[in-house]
Amino acid sequence: MRGVSVIGIGCTRFGKQNGVGIIDLAVQACREALDDARVPNERVQAFYLGNFVSEALVHQGSLAPMVAYRLGLRAIPCTKVEGACASSGIAFRHGVLLVASGLCDIVLTAGAEKMTSSEITTVTEALASAGDAETEMRLGLTFPGAFGIIMRRHMHQHGTTREQVAMVSVKNRLNGSTNPKAHFQKPITMDDVLGSRLICDPLRLYDCPPISDGAAAAVLCAADVAEEFTDRPIEVIGSGHAMGPGTLFEMADLTTFEATVSAAREAYRMAGVSPGDIDVAEVHDCFSIAEIAATEDLGFVEKGRGGGAVLEGLTAMAGPIPINPSGGLLSKGHPVGATGLAQIYEIVRQLRGEAMNQVKDAEIGLAHNLGGTGAVSTVHILKRR
Amino acid sequence: MASFTAYQCDTCKSLSSPPHGFCGRCGARSLRSVTLSGRGTLLSFTTIRVPPARFKGQEPYDIAVIDLEEGLRVTARLKVPVRREAAIGEGVVFEGLVEEGPLFRLV
Chain A
0 MRGVSVIGIG CTRFGKQNGV GIIDLAVQAC REALDDARVP NERVQAFYLG NFVSEALVHQ
60 GSLAPMVAYR LGLRAIPCTK VEGACASSGI AFRHGVLLVA SGLCDIVLTA GAEKMTSSEI
120 TTVTEALASA GDAETEMRLG LTFPGAFGII MRRHMHQHGT TREQVAMVSV KNRLNGSTNP
180 KAHFQKPITM DDVLGSRLIC DPLRLYDCPP ISDGAAAAVL CAADVAEEFT DRPIEVIGSG
240 HAMGPGTLFE MADLTTFEAT VSAAREAYRM AGVSPGDIDV AEVHDCFSIA EIAATEDLGF
300 VEKGRGGGAV LEGLTAMAGP IPINPSGGLL SKGHPVGATG LAQIYEIVRQ LRGEAMNQVK
360 DAEIGLAHNL GGTGAVSTVH ILKRR
Chain B
0 MASFTAYQCD TCKSLSSPPH GFCGRCGARS LRSVTLSGRG TLLSFTTIRV PPARFKGQEP
60 YDIAVIDLEE GLRVTARLKV PVRREAAIGE GVVFEGLVEE GPLFRLV
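Residue numbers (numbering that gives the first Met the number 0), protein chains in the order written: chain A, 0 to 384; chain B, 0 to 106.
It should be emphasised that the hints constitute simulated quantities derived from the structure, not laboratory data. Please note that the accuracy of each hint is not assured.
Said to hold, decoys possible - With beta-carbon atoms standing in for the labels, derived distance ranges:
1. A:Thr120 to B:Leu96: 22 to 30 Å
2. A:Asp276 to B:Leu96: 47 to 55 Å
3. B:Pro80 to A:Asp276: 47 to 55 Å
4. B:Pro17 to A:Ala251: 17 to 25 Å
5. B:Glu84 to A:Ala251: 21 to 29 Å
For every residue, glycine included, the Cβ atom is placed at its ideal position computed from N, Cα and C.
Construct all of the structure, not just a fragment, from the sequences and the given hints.
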C-alpha cells in the first residue's frame, strides 16, 4: 500500500446557517480544503461525500456529483456515502483506500448536512431512520432514547455517576468556547446540565448536541506526491472501519460498542501504535455518555473507568489524554454527515500546531466516528511527518 | 399473561424474535416457533419525552431492553404505573402485542 497524506482541510462554521443550502455548505468546505492544499481542480481524481439525511430533510439526492460540479470538478467518479452519523468518517476511509491502492494520487473527501430548516420532530424521525425500523424504531425509540437506555445501564453496571456524565458536557462546552466554528461558544456549569430538562431519562437536554448545519472536507494525497503541494503533510498511519449491531437488543453489552472496538483494533494495528501513544483525540460524543463509552472502547481507560476519567480531568486539555479539544459534537454541533470530517479537520490542525486549543507538541492524533447506536464506526490515526 | 412467541433454530438452538426465515447465528433455515414464558427482567429502560413526528401525542412513554428468562433479549414498550419508578433488574411480564410492537409491564 502507498502512504496517504492529508494535504488540505476545510470546515464551515457549524450552527444555523439561514439561506445557505446543503450544496453550498459542502462547496464552501471543499473550496477551503482545495485552496489550503493548493491543489488545482484538474488534479482531483475522485470525490467521496458523506451525508445522512439530505433526502429526508432537504429533499436533495444526487449530492456528490452536484457538489463536485458546482465546485468546478469535471469527469471524475463522485460517490455519496451513507453510514448514519459516521457517513463522512467512511467517506474519508474510502478516500484513503483509493489513494493507498495506487489507483489515484489525489482524492477529495467531504461531509455535509443541513438540519436547521426542519422541525425538531422531523429531525428526530429522520435521525431515527439509522435504527432498525422493523424492531426498535417502530416502538417509538429515538436516538436520545437509545443513549438514555445505554446511560442508565452504564451507571448501573459500572457505578458511573450523573455528575461524571455531566462533566463531559461541561468539559466540551469549555473547549468549544474558544472555537470560532462551534455552534455553542458559551461554557456551562454542572448545575446547568443537571438542571436542564429531561429528554429521555436519565439523559437531559445538555447531554445532547445541538442540531446544526455544516460541512467539512479533507484533501488526500499519495505520500510520495504530497511534497509537490505542501511541506507539512499529515500522514494517515491507521484506518479502521467496522460494523456492529444496529439495535440495542443485539448488543452483548449495552455499554460497549463492538464497532468502535473492532475499528480501533484495525487502526492501532495498521499504525503500529497503542492507545497510550495517542496525544490528542476527537471522539464521537453524540451524547455525553457516548464519549465515556468511546474513551473506554478506544482503550484510553479500562471499561467502567470512563466516568471517573473525565471527572478527574484526565481527558481535559491539561490532562494526559485531551479528548475533544474542538468542543466535540456537544459544543461544536452535530451536522451528522459532516461530523467525521470535522473531527479529521481538528486533528490535522492539532498535528500542524495551529489548533485553537492546541495540545502541546501533539504528534499522533485519533479521530473516532460512530454511526447509529453502534452499527458502524471508523477510527483514523494521523501523524505529523 | 400473554404468551410470547419466539423462534428456535433446530441446528444451534439459539432463540430469535422477530423471525427472519433463517437463523441469525448459524444460517440454518430450519426454525420452529416456541412459546416462551413472557417473564423477564429489565436490563435498562428510558422514558421518551421528545418523540419522533409520527409518535407525537403519545409522550411520555417508556421503552425497555428486557432479558427474558429463556435467554432471549428484546426491546419493547414498557407499561409503568403512574407514581411508580421502574428499576434495573426488576421483573416484567409480556402483556401482548400493540400496534408499535411487544408491550411488557412491571410484575
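Take a look at whether the Cβ-Cβ distance between Glu84 (chain B) and Ala251 (chain A) falls inside 21 to 29 Å.
Because 27 Å falls inside the window, the suggested range holds.
Should the hint that Pro80 (chain B) and Asp276 (chain A) are 47 to 55 Å apart at their CB atoms be regarded as holding?
53 Å, holds
Note whether the CB distance of Asp276 (chain A) and Leu96 (chain B) lies within 47 to 55 Å or breaks it.
52 Å, holds
I want to verify a distance hint. Is the separation of the beta carbons of Thr120 (chain A) and Leu96 (chain B) within 22 to 30 Å?
25 Å, holds
Distance restraint hint 17 to 25 Å, applied to the beta-carbon atoms of Pro17 (chain B) and Ala251 (chain A):
19 Å, holds
In the structure shown, no violation is registered for any of the earlier numbered hints.
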